[in-house]
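> Modelling step: build the complete structure from the supplied sequences, incorporating the hints.
Under the working numbering, the letters of the sequence shown match residues 1 to 320, in that order.
Think of the hints as simulated: they come from the structure by calculation, not from any bench.
Backbone N, C-alpha and C define an ideal beta-carbon position, used for all residues, glycine too.
Any given hint could turn out to be false.
As the list claims (entries may be wrong) - 25 Å max Cα-Cα, derived BS3-like pairs, lysine-lysine:
| id | residue 1 | residue 2 |
| --- | --- | --- |
| 1 | 97 | 2 |
| 2 | 31 | 168 |
| 3 | 87 | 117 |
| 4 | 137 | 190 |
| 5 | 117 | 99 |
| 6 | 137 | 168 |
| 7 | 168 | 190 |
| 8 | 2 | 38 |
Claimed, not checked - Computed Cβ-Cβ distance ranges for the label pairs, DEER-style:
| id | residue 1 | residue 2 | range |
| --- | --- | --- | --- |
| 9 | 214 | 118 | 53 to 63 Å |
| 10 | 68 | 149 | 40 to 50 Å |
| 11 | 149 | 97 | 49 to 59 Å |
| 12 | 129 | 172 | 17 to 27 Å |
| 13 | 11 | 237 | 28 to 38 Å |
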Amino acid sequence: MKVQTVEEFFKNYVKNMYNLLLISGDEFDLKEVISRVKKDFKIDNIEVFFKDDAENVIENLSMKTLFGSKLIIVYDVDTFPKSQVNKIKNLIQNPEKIKPNTVILAYQNKKNIPPIKNSLIGVFKPIYDSDIPTWIKRHVKSLGYLIKEEALNFLHFSFGTNREELRKQIEQLIGRLEEGQKEITVEQVKDFGFYRDDTIFRITNSLIEGNYKTAIQYLMECSDKQLLFYFINRDIRYLLVIKANLELGGDIKKLGSKGRLNLHNYFLYNVYKPTALKLSFKQLEKQYLDIIESEYKIKRGWDEFSVNLNYISLLEVGGK
1 MKVQTVEEFF
11 KNYVKNMYNL
21 LLISGDEFDL
31 KEVISRVKKD
41 FKIDNIEVFF
51 KDDAENVIEN
61 LSMKTLFGSK
71 LIIVYDVDTF
81 PKSQVNKIKN
91 LIQNPEKIKP
101 NTVILAYQNK
111 KNIPPIKNSL
121 IGVFKPIYDS
131 DIPTWIKRHV
141 KSLGYLIKEE
151 ALNFLHFSFG
161 TNREELRKQI
171 EQLIGRLEEG
181 QKEITVEQVK
191 DFGFYRDDTI
201 FRITNSLIEG
211 NYKTAIQYLM
221 ECSDKQLLFY
231 FINRDIRYLL
241 VIKANLELGG
251 DIKKLGSKGR
261 LNLHNYFLYN
271 VYKPTALKLS
281 FKQLEKQYLD
291 IIESEYKIKR
301 GWDEFSVNLN
311 YISLLEVGGK
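Below, the structure written as structure tokens:
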């Protein structure tokens with residue numbers, strides 16, 4: 001059986017019903033599947049293998065144990081030497097042969113997953129920015145809570161598609177709710193963001209509130225420049241799309257969800273439109289190219305001073 005979401009996967013997965021699990025695709029989903037399956041096994045009965053362990057994988061796939069069934073996790077199977085991949089394929093053609101063990105084979109490329117009867121195959125599609133609001137709602141609901149739309153959009157704006165960070169923040173927010181409270185509010189998200197030790201979140205908060213000097217201060221402190229530039233690039237793309245519509249005489253209120261890049265009305269009208277009106281399209285385009293060049297330099301360890309100056313010049317156009 002083949003599925004495309006984690007939810008579908010665990011609707012069909014029952015321990016000992018499927019003992020051969022083949023997974024590929026989105027890294028967050030792969031981690032989620034492996035983490036949840038591992039909960040069914042004692043820590044001493046879990047074995048993990050990588051490319052350098054190819055020979056050991058062959059020996060262990062069908063090896064029985066005196067201490068109950070094992071979970072065998074094999075990462076990046078399709079990077080193994082071809083001869084080893086073929087041996088693994090031959091061994092797993094009949095999942096009955098590996099019982100009572102359960103085997104997870106994780107592939108880098110979904111095209112390399114062999115179709116095998118009586119196995120559960122999960123090919124998880126990458127999640128896009130437009131999918132994040134639904135994911136946030138679903139995750140909050142799975143924990144027994146609700147989240148107000150403005151709070152949801154604030155989290156989405158702050159963390160983009162980084163579901164690992166989103167999940168961590170949601171669970172910490174819920175841990176801070178007052179007794180009996182079942183819904184997360186935007187005020188709680190903002191307050192939490194300003195007091196925790198996460199410079200990237202505080203930069204985003206400062207930008208939303210228009211506190212550009214504060215944003216620059218946090219920018220200088222930020223250690224993870226690569227993640228930071230993801231958000232900067234995204235924000236300038238938003239501004240470019242809005243500016244293009246304004247210059248064409250379009251009414252941004254009439255833009256569909258895709259046309260506005262799924263921006264919530266609050267951010268569209270109160271944050272991006274005022275900034276887009278202050279800057280020319282050429283200015284924005286130049287800043288976008290500067291940021292891309294800066295990100296390139298950061299990834300290669302170039303001087304950070306010139307990189308920071310590029311971003312500061314953007315903020316100072318409409319800064320306080």
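> So if I understand the rule, the pair passes when the alpha-carbon distance is 25 Å or less; does residue 2 with residue 38 pass?
Given that 25 Å is the threshold and the Cα spacing comes to 20 Å, the pair holds.
> Take the C-alpha atoms of residue 168 and residue 190, compute the straight-line distance between them, and say whether it is at most 25 Å.
holds, 15 Å
> Just tell me: holds or violated, for the beta carbon distance of residue 149 and residue 97 against 49 to 59 Å?
holds, 52 Å
> Look at the Cβ atoms of residue 214 and residue 118 and judge whether their distance stays inside 53 to 63 Å.
holds, 58 Å
> Per the hint of 17 to 27 Å, is the separation of the Cβ atoms of residue 129 and residue 172 within bounds?
Check passed, 23 Å falls within 17 to 27 Å.
> Is residue 31 within 25 Å of residue 168, Cα to Cα?
Status holds; Cα separation ~14 Å.
> Does the alpha-carbon distance linking residue 87 and residue 117 stay inside the 25 Å limit?
holds, 17 Å
> Residue 97 and residue 2 were given as a pair; does the straight-line alpha-carbon distance stay at or below 25 Å?
holds, 21 Å
> Could you say whether the range 28 to 38 Å given as a hint is met by the Cβ separation of residue 11 and residue 237?
holds, 36 Å
> Taken at face value, is the distance from the CA of residue 99 to the CA of residue 117 at most 25 Å?
holds, 15 Å
> Is residue 137 within 25 Å of residue 168, Cα to Cα?
holds, 14 Å
> Does 40 to 50 Å hold as the CB distance between residue 68 and residue 149, or does it fail?
holds, 47 Å
Of the numbered hints listed earlier, not one is contradicted by the structure.
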